[in-house]
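Chains as they are written, first to last, in this note's numbering: chain A, 1 to 479; chain B, 1 to 254; chain C, 1 to 199; chain D, 1 to 228.
Calculated from the structure, these hints are not laboratory results.
Calculated pairs, DSBU-like style, for lysine-lysine (alpha carbon to alpha carbon, straight line, at most 30 Å):
(1) LYS410(A) x LYS274(A)
(2) LYS249(B) x LYS410(A)
(3) LYS189(D) x LYS467(A)
(4) LYS168(D) x LYS47(B)
(5) LYS56(C) x LYS25(D)
(6) LYS47(B) x LYS176(D)
(7) LYS181(B) x LYS467(A)
(8) LYS47(B) x LYS189(D)
(9) LYS181(B) x LYS56(C)
(10) LYS189(D) x LYS176(D)
(11) LYS181(B) x LYS47(B)
(12) LYS168(D) x LYS189(D)
(13) LYS467(A) x LYS176(D)
(14) LYS25(D) x LYS467(A)
(15) LYS25(D) x LYS181(B)
Since the model is a prediction, treat every value here as computed from it, not as a measurement.
Letter by letter, the chains look like this.
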Amino acid sequence: MSEIRCSMCGEPNPDDLEFCQNCQARLKPMQSTFESEQSDELLQQSSPEIQGNDQNDRRGEINQELPSWLSEVMSEPESPVEPGFEMPEIEQQEPDAARAELLDWLESQQLDEQVQESEEVSQGDEGLIGIGPLAGLTGVLPAEPDISHIQKLPSQSIKLQITEKQLAHVETLESVISEEGGYHPFERKPAPETSSVWRIIIAVTFFLVILASLLFGGVEFAYPEYSTEVLTTSQLIGSIPNGVPVLVAVDYEPALSGEMDAILMPVLEQLVFKSSYLALVSTIPTGPLQAERLLSAVHQEDYFQFKVADQYTNLGYIPGGAMGLLGFAQSPNQIVPLDLTGNYPWQNPALQDISSVADFALVVVATEKPDTAQNWIEQVKPLLGSTPLVMALSAQAGPVIRPYYESSPKQVDGLVIGLSDAVTYDNMYQRTSTATVYWDTFSLGILLACLLIMAGAFISALVWLYKGMRAASPKGSKA
Amino acid sequence: MIQMNVSSPGLIGMGFVLLFLILMLYFWVFRKDKTTVVLREITAYQKLIRSIHLAVEEGHRVQITLGHGGISEMRGSSALAGLVLLRRVSDVASLSDYPPITTSGEATTAFLSQETMHSAYETMEAERQYDPESGLLTGLTPFSYAAGTMPIVGGDRITTNVLLGHFGNEVGLIMDAAERKGSLIVAGSEDLPAQAITYALANEPLIGEELYVCGAYIQENRVHTASLLTQDLVRWLLILTIIGGVILKLAGVL
Amino acid sequence: MAVIAVAAGLVVLIGYFLPMPLLGEVRALFLHWAMILFAIALIVGVINLARVHWLKVARRQPGYINSLALILALLFLVVVVGYFGPISPVSIWIFNYIQVPLESSLMALLVVVLALGGARLFGRHLSLFSVIFIFSALITLLGSVSIIGFSVPGLDEFAAWLSRVPATAGARGILLGVALGAVATGLRILTGSDRPYGG
Amino acid sequence: MNPADLIGMIVGFFLTLITFSYIFKDNVLFRLVMHIFIGLAAGYAAIMAWYNVIWPQLVVPLVSGTLQEYIWMVIPLVLGFLLMTRIIPSIAGWGKPTLAFLVGIGAATVVGGAVLGTLLPQIRGLINLFDQQYLEQSAGNYWNQMVNSTVILVGTITTLTYFQFQAKSRLGQPVKRAAWIESISWIGKIFIAITLGVLFAGVYSAGMAAFVERMNSLVEVVLAFLQP
Numbered sequence: 001m002s003e004i005r006c007s008m009c010g011e012p013n014p015d016d017l018e019f020c021q022n023c024q025a026r027l028k029p030m031q032s033t034f035e036s037e038q039s040d041e042l043l044q045q046s047s048p049e050i051q052g053n054d055q056n057d058r059r060g061e062i063n064q065e066l067p068s069w070l071s072e073v074m075s076e077p078e079s080p081v082e083p084g085f086e087m088p089e090i091e092q093q094e095p096d097a098a099r100a101e102l103l104d105w106l107e108s109q110q111l112d113e114q115v116q117e118s119e120e121v122s123q124g125d126e127g128l129i130g131i132g133p134l135a136g137l138t139g140v141l142p143a144e145p146d147i148s149h150i151q152k153l154p155s156q157s158i159k160l161q162i163t164e165k166q167l168a169h170v171e172t173l174e175s176v177i178s179e180e181g182g183y184h185p186f187e188r189k190p191a192p193e194t195s196s197v198w199r200i201i202i203a204v205t206f207f208l209v210i211l212a213s214l215l216f217g218g219v220e221f222a223y224p225e226y227s228t229e230v231l232t233t234s235q236l237i238g239s240i241p242n243g244v245p246v247l248v249a250v251d252y253e254p255a256l257s258g259e260m261d262a263i264l265m266p267v268l269e270q271l272v273f274k275s276s277y278l279a280l281v282s283t284i285p286t287g288p289l290q291a292e293r294l295l296s297a298v299h300q301e302d303y304f305q306f307k308v309a310d311q312y313t314n315l316g317y318i319p320g321g322a323m324g325l326l327g328f329a330q331s332p333n334q335i336v337p338l339d340l341t342g343n344y345p346w347q348n349p350a351l352q353d354i355s356s357v358a359d360f361a362l363v364v365v366a367t368e369k370p371d372t373a374q375n376w377i378e379q380v381k382p383l384l385g386s387t388p389l390v391m392a393l394s395a396q397a398g399p400v401i402r403p404y405y406e407s408s409p410k411q412v413d414g415l416v417i418g419l420s421d422a423v424t425y426d427n428m429y430q431r432t433s434t435a436t437v438y439w440d441t442f443s444l445g446i447l448l449a450c451l452l453i454m455a456g457a458f459i460s461a462l463v464w465l466y467k468g469m470r471a472a473s474p475k476g477s478k479a
Numbered sequence: 001m002i003q004m005n006v007s008s009p010g011l012i013g014m015g016f017v018l019l020f021l022i023l024m025l026y027f028w029v030f031r032k033d034k035t036t037v038v039l040r041e042i043t044a045y046q047k048l049i050r051s052i053h054l055a056v057e058e059g060h061r062v063q064i065t066l067g068h069g070g071i072s073e074m075r076g077s078s079a080l081a082g083l084v085l086l087r088r089v090s091d092v093a094s095l096s097d098y099p100p101i102t103t104s105g106e107a108t109t110a111f112l113s114q115e116t117m118h119s120a121y122e123t124m125e126a127e128r129q130y131d132p133e134s135g136l137l138t139g140l141t142p143f144s145y146a147a148g149t150m151p152i153v154g155g156d157r158i159t160t161n162v163l164l165g166h167f168g169n170e171v172g173l174i175m176d177a178a179e180r181k182g183s184l185i186v187a188g189s190e191d192l193p194a195q196a197i198t199y200a201l202a203n204e205p206l207i208g209e210e211l212y213v214c215g216a217y218i219q220e221n222r223v224h225t226a227s228l229l230t231q232d233l234v235r236w237l238l239i240l241t242i243i244g245g246v247i248l249k250l251a252g253v254l
Numbered sequence: 001m002a003v004i005a006v007a008a009g010l011v012v013l014i015g016y017f018l019p020m021p022l023l024g025e026v027r028a029l030f031l032h033w034a035m036i037l038f039a040i041a042l043i044v045g046v047i048n049l050a051r052v053h054w055l056k057v058a059r060r061q062p063g064y065i066n067s068l069a070l071i072l073a074l075l076f077l078v079v080v081v082g083y084f085g086p087i088s089p090v091s092i093w094i095f096n097y098i099q100v101p102l103e104s105s106l107m108a109l110l111v112v113v114l115a116l117g118g119a120r121l122f123g124r125h126l127s128l129f130s131v132i133f134i135f136s137a138l139i140t141l142l143g144s145v146s147i148i149g150f151s152v153p154g155l156d157e158f159a160a161w162l163s164r165v166p167a168t169a170g171a172r173g174i175l176l177g178v179a180l181g182a183v184a185t186g187l188r189i190l191t192g193s194d195r196p197y198g199g
Numbered sequence: 001m002n003p004a005d006l007i008g009m010i011v012g013f014f015l016t017l018i019t020f021s022y023i024f025k026d027n028v029l030f031r032l033v034m035h036i037f038i039g040l041a042a043g044y045a046a047i048m049a050w051y052n053v054i055w056p057q058l059v060v061p062l063v064s065g066t067l068q069e070y071i072w073m074v075i076p077l078v079l080g081f082l083l084m085t086r087i088i089p090s091i092a093g094w095g096k097p098t099l100a101f102l103v104g105i106g107a108a109t110v111v112g113g114a115v116l117g118t119l120l121p122q123i124r125g126l127i128n129l130f131d132q133q134y135l136e137q138s139a140g141n142y143w144n145q146m147v148n149s150t151v152i153l154v155g156t157i158t159t160l161t162y163f164q165f166q167a168k169s170r171l172g173q174p175v176k177r178a179a180w181i182e183s184i185s186w187i188g189k190i191f192i193a194i195t196l197g198v199l200f201a202g203v204y205s206a207g208m209a210a211f212v213e214r215m216n217s218l219v220e221v222v223l224a225f226l227q228p
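Kindly produce the complete structure, drawing on both the sequences and the hints.
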């Protein structure tokens, strides 16, 4: 079978095809009657509405879908003439003989022209002259230039030859245009399902194990070993005289009260045991209330005679971060003139000698934030002189602040880091505050977390490697 | 004569700042063309640039949260760096159907984010499209800020969440809320514990100093490139100072 | 606008390093004003927060019930604590039995969130560094607890060394890098090239 | 136990359960409780700002302060009023001078804090690790501490090198830094991973302590009601 190369995209196509397989462009010009009959059949196939009985409904639908100018054309009454071809109308006249001969000659000429037209069309195919003196010869150049054969271009039917695929494209275009601007909810990429399954497994495991440990106990954990830091801190606090003013900075968020209350409690109990006068201060807005909450917990311990009214004062919140702290360190009574109850605290016997932060016997700072601890070290410690600075820190601030404790000269004189140091502090004085109560359950929770993280890490590593291998070797070989 | 007892850290500090300024000026004046400066690849910024453009084309939204550290002291520096990124995102996304949203946990940072977006619209001559409610203050304490931000990061149409600023432990909750909705998370902070959390949870964590060079990486601006070049040079001066100091200390001179 | 920022900033910055008497007082005054203005900004921020949520209620947007609850809680606290005082029994009750339980519970959620993050870290990026990250986290956690009658020899010491030496080294390096970035960010503002205030 | 504390424990009990429910699914009750929490926290922050700053340091000097105090307080008062225009979006631009002032002060404290609060102390601390007195009086023996100090020095320098941003681009090859910088920063990244791992463990311990405390409070409330 010979091939025709498509004029639009250059693809070879079998010559019996009308349209290019690749780009649907028309392969042959639309002129001969033969072709028009074919396209008519195609039209009927592609627009079933014309054949079927329910063609009016379908046509209505099509007309609605098609553009208005297209549907007007479709609604014109069909001309009796075969679409794509129009016959010239010939006037009928009463012939007399002479006129009759003339007419017969004219008609023969017209027929010759018509035959010639069809022959030209067919000649186009073989180049053979059918009539006249050169009949039978091929490849003869016409005597008159083409323009002499001007003929009225056969009027083309403006009915579009639409294939089914093109109609589908029209419908898609229509739907896209109609949807534009309408709001349709954003289909979110669903969160990876596995994460919620993992989340529930981990959460349920933690709830059950911690609940069981709190209710029934069971696994016993050894208390942490004595750490030199805690020993030094308790000796340092033990060395200050009784009943002297101590500045306590409660600088941790309420969210951390679970850990920080347990860490600060042993230090406060030792200070209260020495009947120190506590001046409570904070650089965060919720600090003062946190301090009140803590002291009410200390007060409830049975073996302390702790008269609330004259044993502490809540100086409130120092705004302005590091700058406010520097100002407070230089002149506390100017930066905090009134305490939170609106009184002037500096006339209290225990605080009347305080003109700078160095006049306190000890400064204790409790915080979970490394930069808050650094602010106290860099802004206040240089002005403390011989007054020791003790820090009660959350486990997350330990690694950053420990170098200040280990430096020489020490920038932090005492350190209590995390729940383990608080338990050690308790053991030194044979007390069981909240840290000791939580220790076994806390340790079990940490152990469980390690197991879950190890298992999860192992599984996700396998999944990652598997995905890597699958991506590296594509399925089957591509032709 | 003004009597001035200048401490040695003060002098050293002043010298350091002047040196930094002079080097910045030098690089800004003499290294005019940014193309000559080649920067190492930071995948977080590459993915961020791509996702911002995708968001504009596909009608999605970028959410930027600036933490609760305010703008003063060391903890404020990361929020100021976040505002630089916000300006760039606003320039690109201000003409899209869904402009970026910012959330913060401190009042001044919230007002600055509103002003940053407003001036981006002004530059684009699209001031009427500016929505003052796109710069939100979601809470005044760290965990209430997280509670207010969690519904927003998981909101409709948000496919990219950028966390640049001072955070505490609550950053884990914000990132978990974003991860539940499968959005891209780019996160950085100057706070060390927060960096540990972002390394574990973010798709694209920014470690330490990397968050401060977002201006040079995503915004072809000569001043940002000059300050990045200065950071690199001063880094080596610091290293030489430390090594020199240790040698002198061991030698007993210091 | 840039003139105000640069002028005020330079006065405070120079005052940091050269404590000249006159400059020191101007610096202290500026810092005092800034402290007051930060507090005013906080109150304006609270009003802005209430206004945003009130608009949500007025427009009946989805979730407007929550916004209404927020506004009522805000007004209730301002009236009650404003009248009785910040450390009155009422304020302490609200703090003890509403704010602390809520914040502690949110903090407690991190136990599941961080465990999930650690477990899936290798799914996001499996590299030598994420392996070292998980390894050092597990060693530090396991080093802080020890079951009676069962202890891994040397684990506690290694965990303590890990936290005392390499972790401190990395922390110092990161802090130095962050300080460099902070100086660059601050100087860009003090030279007027970055203007987050919309200059 | 007085009734206020009893009611409080019950309220705390239900708030804790509602918050824990978020782990399984984000739900309406959780969002409502969170919005109440945001309102309470914002109210409390505003009260503390008024009690500790605005009233004693702005209003009192203006009302009953000396002339000099009065003059000094007029400027923050004006800047404060300009800042209040942020409440009304149409005139929010009037607050720019105040924001510019605060940003200028903030930038100065950032630079000052970074230089005096971090750069110099950290460098001084590093150098002092090799102080003879420090090496002798440290708990371990002299050489043990010398090794530790050297590891800290190397770790800090390699971590600092890791952040180096400038690189070289060679034709057809990915952008890379010089070979010696790449190897140093590779070591630095190991130190960073260890540091972040140790800090992650610290954050986790703090979270676990909060989790145990909350579960313990739930158990106490239930036991308080179950026991006669």
